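K.L.:
One line per chain: the protein sequences are A and B, in this order.
Number 424 in our numbering belongs to position 424 of the first sequence; there are no gaps in the numbering.
Number 79 in our numbering belongs to position 79 of the second sequence; there are no gaps in the numbering.
By construction, these hints were calculated from the structure, which means they are not laboratory data.
Keep in mind it's a predicted model, so treat the numbers as computed, not measured.
Yeah, the Cβ is synthetic: ideal placement off N, Cα and C, and Gly gets one too.
You may find that some hints are simply not true.
Residues of chain B clear of chain A, computed beta-carbon distances all greater than 10 Å [what the hints assert, rightly or not]: (1) 6; (2) 14; (3) 15; (4) 24; (5) 54; (6) 58; (7) 66; (8) 67; (9) 95; (10) 101.
Listed below are several chain A residues computed to face chain B (Cβ distance under 10 Å; list not exhaustive) [what the hints assert, rightly or not]: (11) 794; (12) 795; (13) 799; (14) 801; (15) 804.
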Amino acid sequence: MDLVNLQTDIVFWLVLAWLLPLAAFILELLIGSRFGKYAAVCAIGGIGGSFLCSLIACFLWLQTSVTSESHPESMATHSITEGIASTPGQMPAANHADDVYQFATFEEHPSENDVSSHHEEHDSAGHDSGSEHHEAPELLGMAGFERPLYNFATFGESSLGLSVYVDGLTIAMFVMVSFIATLIHVYAVGYMHDELHEFTDPEVVLSDGNPLTRPGRFPRFFTYFSLFTFSMLGLVIAGNIFQVFIFWELVGLCSYLLIGFYFERKTASTAANKAFIVNRVGDFGFLIGLMILWTSFSSFEFTEIFGQLRGPLDTETHRWGEMHYDQEVHGLILQNTETGAAQMDPETQNPRTVSYYLLVAAGLGIFCGCVGKSAQFPLHTWLPDAMEGPTPVSGLVHSATMVAAGVYLVGRFYPVFTPEVLLVIAYIGGITLMMAATIAIVATDIKRVLAYSTISQLGYMMLALGIGGWVAGLFHLLTHAFFKALLFLCSGSVIHATHTNEMPQMGGLRKKMPATFWTMFAGVIAISGLAIPGVLGFAGFYSKDEILANALAFGKANPQHMILFWLPMIGAAITSFYMFRLLFMTFFGKPRDQHVYDHAHESPPAMWVPLAILAFFSTGAFICWVNPAASAGLDGKVPQILHDALPFVHSNTTVGLSGIQFASSDAVHAVHAQAGTLALIMAVGGAVFAYLFYGVGILNPSDVQRQFSPIHRFLQNSWYFDELYDWLFVHPTHRVARWFSGLDRKGIDWLIDHSASVTVMVSRLNGAFDYKIVDGTVNLVAKLVYRLADWLRVIQTGQLRQYVLFIVVSTIGLFMAIIFIANK
Amino acid sequence: MTPIGLSPYLTVGAVLFVAGVVCMATKRNAVGILMGVELVLNAANLNFVAFNRFGKLGLDGQMFALFVIVLAAAEAAVALAIVLNFYNNHYTIDVDHGEQLHG
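With the hints as constraints, model all of the structure from the sequences given.
P.N.:
As structure tokens, then:
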């Protein structure tokens with residue numbers, strides 16, 4: 001099949017997958033309230049169709065794998081495309097993205113003048129690649145490519161619009177997001193059935209003492225869900241950073257709506273506000289990053305920005321080049337995205353450059369947005385509060401959508417981050433994972449434990465990305481999405497059965513809810529990173545191993561940053577501890593609250609079937625994740641796709657001022673076994689401790705609590721972050737607000753009051769003038785006329801004969817007057 | 001016999017006029033007042049005709065006289081209708097009782 005057509009097909013299926021939830025959303029928005037139960041069918045249809053389309057796109061993608069001789073069909077592809085490329089007329093119409101990125105290995109740009117020399121080079125390259133196939137790793141899929149969809153505006157040579165960027169990461173994310181979203185949609189049908197009829201919310205007490213009763217919001221829930229998945233898929237498919245920002249905000253909006261779903265509850269509406277406002281803080285940095293990028297590159301397109309920084313995409317390895325730091329200009333010389341030559345300013349004939357510090361600022365700005373979205377260390381406080389939403393929302397927010405967006409963007413925008421920015425990312429991730437893990441130890445709310453574990457796992461991903469473990473970080477994003485969705489849905493199932501979030505009230509639920517217990521058990525093992533080496537691995541084991549291997553290799557290359565290995569290593573033990581603590585407290589032991597226990601029941605199939613599917617994927621013991629036979633983790637299809645989408649390989653001569661050395665993949669492989677063993681020991685250790693504390697009760701948790709009560713308080717209050725922010729931002733804001741309100745009342749109001757009284761005085765004067773002088777004159781005239789008339793009425797007697805006399809007398813009078821005057 | 005000049009006519013007209021006015025001013029009977037009006041009108045007619053004969057008015061005087069006669073007839077008809085209505089309302093034709101519109 002022609003590769004260009006294949007690309008078009010992939011784009012078609014992906015765009016279809018992207019727009020199906022939108023169609024569902026619009027349908028639900030327009031007539032959803034009349035759907036009732038069928039709103040869920042509409043939403044599930046949309047997202048399920050989206051999943052199918054993503055799968056089709058994924059299969060098409062894998063068809064293009066550049067493989068060695070063992071795959072004859074790819075050789076056929078080779079020759080066919082060569083034939084097509086040699087016929088200029090059949091090239092796709094001018095689309096610069098196509099020109100730049102597509103298979104220059106096989107094709108020649110027809111309009112180039114020096115065809116002969118290039119042709120030879122490429123021919124030889126092509127033959128070389130043929131002979132080198134046994135050395136070069138087999139590549140799954142094609143090089144990343146971009147397709148414009150819609151143009152908003154053109155400014156000179158730059159333009160702003162919607163476009164699609166597709167590479168292995170896009171494909172993997174699409175399948176993951178649509179799959180998990182589909183399962184959560186199905187689960188939500190069971191979980192939200194209370195909303196189908198009139199709903200009584202026991203947590204909202206009205207002024208008359210009764211709980212609030214309101215109409216159910218079942219269709220509305222699925223309307224938001226559809227918009228949520230649409231936004232997330234739009235974010236993943238986006239071909240430029242501006243488009244990412246649009247959907248970034250949409251995702252934020254949807255999370256706001258969903259977290260505040262029970263908006264009558266004060267806590268829920270506050271949590272929704274908090275999530276939205278904290279994200280705004282991050283988006284502020286994002287906006288600054290966008291401005292710098294636009295100024296420096298006059299484009300938002302990924303391919304444009306990466307190409308200008310790193311030269312054209314290497315069509316052989318599907319990777320971008322290195323950044324070349326130029327001492328003279330103290331920055332980078334922008335490159336032509338097609339030829340890799342330096343861009344010249346047409347007026348001054350100097351090369352166009354971008355300052356290194358500006359690039360660092362841009363990277364930090366974009367990362368700032370990711371910190372907000374992915375709940376990293378300074379801006380993580382919104383995530384635990386986001387538990388106020390219904391549990392399926394938490395499941396979606398914590399696995400496939402909202403928080404994944406930040407990690408995804410760091411991965412997608414990776415070529416722009418300088419080593420300094422990456423170091424910041426790594427440290428933020430390290431701090432986050434440690435902090436959140438310690439808080440999770442003492443949390444008693446089952447969802448809160450999971451929320452902090454999410455923050456912690458996101459810290460792992462950020463750390464992995466920061467130390468150059470791009471594949472490891474994003475692989476963990478994918479595996480984490482599965483088991484975190486699973487854990488949340490399980491906790492939802494438990495909450496659904498017990499009507500409480502507090503683990504101290506649960507216990508012994510294993511017998512009552514076997515399906516939930518076993519699936520949650522799988523999830524706990526997966527997130528703890530436990531495995532029986534060589535026999536059965538769980539998803540988290542492989543991805544976390546990979547991260548730790550990267551961290552160890554990085555620490556060995558940069559001994560001053562060794563802490564970036566110890567943080568995740570200790571974090572692994574803590575993770576395992578608090579997850580098993582959750583499991584033991586919820587499902588084992590004696591029921592702590594008999595009433596809750598008696599009430600508990602297994603959830604309906606709509607809820608536990610998605611759990612079972614997710615548990616199956618979380619075990620990861622099949623080829624989809626990792627080939628168990630392979631010693632060095634990266635052998636499964638999924639990590640392979642990610643590995644082939646890796647945007648570039650750090651060389652040891654990296655640019656940058658901090659002198660960081662990124663570990664090569666060989667170095668990572670070398671320490672993989674060591675890191676893996678250590679991690680496994682840590683995880684087992686954590687699990688054993690949890691068993692001693694909460695399983696058999698040899699150690700008494702409350703004793704430990706008393707002994708370390710200051711630390712316990714510190715952790716229970718989440719490191720006092722909320723208080724700190726209250727003290728740092730909220731209180732000063734209140735103070736400033738109070739000051740301004742005083743100014744308002746005493747200054748501005750005084751001014752207004754007094755100007756008002758002056759106005760009243762003037763009006764009064766004016767009124768007096770009107771009443772006395774103007775009205776007085778008019779009244780006087782009227783009065784005079786009245787008097788005269790009153791006086792004259794005496795003459796009108798009504799006596800006819802008198803009138804005749806009057807006529808006679810006055811006629812005579814007239815005549816006499818005339819005679820008198822005439823004779824004068 | 002000396003021809004009669006303008007003055008006797010005017011004199012007779014003036015006498016008639018004064019008689020009519022006095023009649024109007026003194027009679028309380030509505031019909032009497034109407035009679036007074038007729039006298040006044042005919043005094044005017046006499047003057048018109050006299051001026052036609054002796055003055056420069058020419059035929060216009062006669063024409064006017066005719067008009068006044070016609071007018072007088074019409075006026076008498078309307079006035080008698082008013083009188084009848086007056087009687088219907090007051091059971092009298094004493095005009096002194098018709099004083100409801102006094103000031």
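K.L.:
Each hint: holds or not?
P.N.:
Evaluation of the provided hints:
The Cβ of residue 6 of chain B sits about 20 Å from the closest Cβ of chain A, beyond the 10 Å cut-off, so the non-interface label holds. Consistency note on residue 14 of chain B: stated as away from chain A, and its beta-carbon is indeed over 10 Å from all of that chain's, at 13 Å minimum. The beta carbon of residue 15 of chain B is kept farther than 10 Å from every beta carbon of chain A, the shortest such distance being approximately 15 Å. At roughly 5 Å from the closest C-beta of chain A, the C-beta of residue 24 of chain B falls inside 10 Å, breaking its exclusion from the interface.
The claim that residue 54 of chain B is not at the interface with chain A holds, since no C-beta of that chain comes within 10 Å of its own (minimum 22 Å). Once the 10 Å rule is applied to beta carbons, residue 58 of chain B is consistent with being away from chain A; the minimum gap is 27 Å. With a cut of 10 Å on Cβ distances, residue 66 of chain B stays outside the contact zone with chain A, its closest approach being about 26 Å. The beta carbon of residue 67 of chain B is kept farther than 10 Å from every beta carbon of chain A, the shortest such distance being approximately 22 Å.
With a least beta-carbon separation of about 4 Å from chain A, residue 95 of chain B fails to lie farther than 10 Å from that chain, contradicting its non-interface assignment. With 10 Å as the threshold on Cβ separation, the claim that residue 101 of chain B sits away from chain A is violated: the shortest Cβ distance comes to roughly 5 Å. Annotation: interface hint on residue 794 of chain A holds; nearest CB of chain B at approximately 7 Å, less than 10 Å. Residue-level restraint check for residue 795 of chain A holds (minimum Cβ-Cβ distance to chain B is 7 Å; threshold 10 Å).
Below 10 Å, beta-carbon pairs count as interface contacts, and residue 799 of chain A has one with chain B at about 6 Å; its hint therefore holds. For residue 801 of chain A, the shortest C-beta to C-beta distance to chain B is roughly 5 Å, which falls under 10 Å, so the interface hint holds. Below 10 Å, beta-carbon pairs count as interface contacts, and residue 804 of chain A has one with chain B at about 5 Å; its hint therefore holds.
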